[in-house]
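Could you build the full structure based on these sequences and the hints that come with them?
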Amino acid sequence: DVKVTQSSRYLVKRTGEKVFLECVQDMDHENMFWYRQDPGLGLRLIYFSYDVKMKEKGDIPEGYSVSREKKERFSLILESASTNQTSMYLCASSPPQARDGYGYTFGSGTRLTVV
Amino acid sequence: EDQVTQSPEALRLQEGESSSLNCSYTVSGLRGLFWYRQDPGKGPEFLFTLYSAGEEKEKERLKATLTKKESFLHITAPKPEDSATYLCAVQARTNAGKSTFGDGTTLTVKP
Chain U
214 DVKVTQSSRY LVKRTGEKVF LECVQDMDHE NMFWYRQDPG LGLRLIYFSY DVKMKEKGDI
274 PEGYSVSREK KERFSLILES ASTNQTSMYL CASSPPQARD GYGYTFGSGT RLTVV
Chain F
7 EDQVTQSPEA LRLQEGESSS LNCSYTVSGL RGLFWYRQDP GKGPEFLFTL YSAGEEKEKE
67 RLKATLTKKE SFLHITAPKP EDSATYLCAV QARTNAGKST FGDGTTLTVK P
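Just so you know, the sequences run in chain order U and F. 313 is the number that our numbering gives to position 100 of the first sequence; each next residue is one higher, with no gaps. 20 is the number that our numbering gives to position 14 of the second sequence; each next residue is one higher, with no gaps.
In case anyone wonders, no lab produced these hints; they're calculated from the structure. Ideal placement from N, C-alpha and C gives every residue a C-beta, glycine not left out. Each hint should be verified, as a subset may be incorrect.
Unchecked claim - Cut-off 20 Å, straight-line C-alpha distance, at most; resulting in silico cross-link-like pairs (SDA-like, lysine to any residue):
{"no.": "1", "chain 1": "U", "residue 1": "K283", "chain 2": "U", "residue 2": "S262"}
{"no.": "2", "chain 1": "U", "residue 1": "K231", "chain 2": "U", "residue 2": "K216"}
{"no.": "3", "chain 1": "F", "residue 1": "K104", "chain 2": "U", "residue 2": "L254"}
{"no.": "4", "chain 1": "F", "residue 1": "K104", "chain 2": "U", "residue 2": "D264"}
Unchecked claim - Per label pair, the in silico range of CB-to-CB distance:
{"no.": "5", "chain 1": "U", "residue 1": "G229", "chain 2": "F", "residue 2": "T73", "range": "48 to 54 Å"}
{"no.": "6", "chain 1": "F", "residue 1": "E21", "chain 2": "U", "residue 2": "D251", "range": "27 to 33 Å"}
{"no.": "7", "chain 1": "U", "residue 1": "R227", "chain 2": "F", "residue 2": "R18", "range": "45 to 51 Å"}
{"no.": "8", "chain 1": "F", "residue 1": "S58", "chain 2": "U", "residue 2": "K226", "range": "44 to 50 Å"}
{"no.": "9", "chain 1": "F", "residue 1": "E61", "chain 2": "U", "residue 2": "S293", "range": "25 to 31 Å"}
{"no.": "10", "chain 1": "U", "residue 1": "G253", "chain 2": "F", "residue 2": "K48", "range": "14 to 20 Å"}
{"no.": "11", "chain 1": "U", "residue 1": "E292", "chain 2": "F", "residue 2": "E61", "range": "41 to 47 Å"}
{"no.": "12", "chain 1": "U", "residue 1": "K283", "chain 2": "F", "residue 2": "E7", "range": "31 to 37 Å"}
{"no.": "13", "chain 1": "F", "residue 1": "K116", "chain 2": "U", "residue 2": "I290", "range": "42 to 48 Å"}
{"no.": "14", "chain 1": "F", "residue 1": "G35", "chain 2": "U", "residue 2": "E235", "range": "31 to 37 Å"}
Have a look at this one:
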């Protein structure tokens, strides 16, 4: 069964820590995405990547960076965690463009709490 | 800017009571419209892709339809296991794979 794997389901970090969220996909997809999901705000795109070493800012990139050194792995980095970054983080992957039967494949999510 | 609006925010149905969820969208050149199902504490799960007005897709008790301005997710004779949040997303031809999501409709089906 093809899938997207996020390294942690739950994470608690202290304010000011550097935090790494890892995502690995086994579908050889070109596109990978990082979203955060908050009640009442829906899914908001943080960063995405079309290819290895390529990255583009999404709607809310401030306070975050990403790394894609290998096609299957896309990492989200919180440079200095703050309490307003407490959220559910979702990684997704997809083929380059929409084609029949192919939407995003999401990971199970990482619930990050910053204290 | 692409926009997706879903209604209602929440919907409570009795088992067997059919209904529809709405997704209104604006996009400059639609490449695809997607429906996802999300269970609490989990990532969204892909259901359907629709590409052009008039298209329909079905899966068990769910049927998705598309017009030039909106999409409907029809749920026929729902069961409690259909309870979930349903998300709609659009992808523009110019955005090369990037989707814009709506806030979702949370469906609760009571036995």
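Going through the hints against the structure:
The straight-line distance between the Cα atoms of K283/U and S262/U is roughly 11 Å, inside the 20 Å bound, and the hint therefore holds. Distance hint between K231/U and K216/U is unfulfilled; the C-alpha atoms sit about 27 Å from each other, more than 20 Å. Taking the CA atoms of K104/F and L254/U, the gap is about 18 Å. The hint holds against a cut of 20 Å. The suggested pairing of K104/F with D264/U holds, with an alpha-carbon distance near 13 Å, which does not exceed 20 Å.
For the pair G229/U and T73/F, the supplied restraint of 48 to 54 Å holds, since their beta-carbon distance comes to about 50 Å. Distance hint check: the CB atoms of E21/F and D251/U are about 31 Å apart, consistent with the given range 27 to 33 Å. Hint check: R227/U to R18/F, Cβ distance near 40 Å, so the stated range 45 to 51 Å is violated. At roughly 46 Å, the beta carbons of S58/F and K226/U sit within the given window of 44 to 50 Å.
Range check, E61/F to S293/U: Cβ separation about 47 Å, and the 25 to 31 Å hint is violated. At roughly 19 Å, the beta carbons of G253/U and K48/F sit within the given window of 14 to 20 Å. For the pair E292/U and E61/F, the beta carbons lie near 44 Å from each other, so the given range of 41 to 47 Å is met. For K283/U paired with E7/F, a C-beta distance near 33 Å keeps the hint of 31 to 37 Å intact.
At about 44 Å, the beta-carbon gap between K116/F and I290/U stays in the expected band of 42 to 48 Å. At roughly 35 Å, the beta-carbon separation of G35/F and E235/U lies within the given 31 to 37 Å, and the hint holds.
Checked against the numbered hints given earlier, this structure breaks hints 2, 7 and 9; the rest are met.
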